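Spelled out from the first residue to the last, the chains are:
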Amino acid sequence: GAGVSQSPRYKVAKRGQDVALRCDPISGHVSLFWYQQALGQGPEFLTYFQNEAQLDKSGLPSDRFFAERPEGSVSTLKIQRTQQEDSAVYLCASRPSPNTEAFFGQGTRLTVV
Amino acid sequence: QKEVEQDPGPLSVPEGAIVSLNCTYSNSAFQYFMWYRQYSRKGPELLMYTYSSGNKEDGRFTAQVDKSSKYISLFIRDSQPSDSATYLCAMSANDKFIFGKGTRLHILP
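So the protein lines, in turn, are chains G and Z.
Its first residue numbered 14, the first sequence is counted upward by one per residue in this note's numbering.
Its first residue numbered 2, the second sequence is counted upward by one per residue in this note's numbering.
Treat the hints as calculated values from the structure; they're not laboratory data.
Check the hints yourself; a few may be wrong.
Cross-link-like lysine-lysine pairs, in silico, DSSO-like; alpha carbons within 27 Å at most [said to hold, decoys possible]:
1. K43/Z - K24/G
2. K71/Z - K57/Z
3. K24/G - K57/Z
4. K70/G - K3/Z
5. K68/Z - K57/Z
6. K43/Z - K97/Z
7. K3/Z - K102/Z
8. K57/Z - K70/G
9. K102/Z - K24/G
10. K97/Z - K68/Z
11. K91/G - K70/G
12. K27/G - K91/G
13. K27/G - K43/Z
14. K102/Z - K43/Z
15. K43/Z - K68/Z
16. K91/G - K102/Z
17. K68/Z - K3/Z
18. K102/Z - K71/Z
19. K97/Z - K71/Z
20. K57/Z - K97/Z
21. K102/Z - K68/Z
22. K102/Z - K57/Z
23. K102/Z - K70/G
24. K57/Z - K3/Z
25. K97/Z - K91/G
26. K24/G - K70/G
27. K91/G - K24/G
28. K91/G - K43/Z
In this text, all values refer to a predicted model and were calculated from it rather than measured experimentally.
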């Protein structure tokens, strides 16, 4: 498909486990975002890439969260030593260039038990 | 005060009515404004994207931006049961965009 693809769609992790969430942006899109959405809330910004450069990571809640986009395409959000409060939907979005429309994937629903 | 305020609803209106959804914001640097629709257990779907002040129309949807009042609106004409969803406003200065909490809308058949 031509949209933003995220995998896995659902992830259950035991507390303390490390997880990796993948985002395949729309081909050719320069900008990539990660957001976290708690139940009944709007998405909260985590981090932003332009090509392979991570320009803003001010929204990452702790040093357990790490994101990378080494070749300026696929991105991975890694959460180490997961905690129950990390349970949320993690959304990825991409856009062709700055100041254009952003398109979201379906999200990864993470449940930490 | 959050940067973007949005009434969470729920808002219930009869089928065929005009729906008005609104957001207010505090950051005068915002100049790009978006409306997304989100169905349960799905990702946000872009409905409207506008730059600066003014109106933009696309089918049954009209987006309005009033930068002087820091107020944006989305109007849905001839509302349908399939419009029942959560509507999210989002805005940005020039990079990351900030979302409202979303308004849950129910269109009653």
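Could you tell me which of the hints above the structure violates, numbers in ascending order? Result: hints 3, 8, 15 break, sorted rising.
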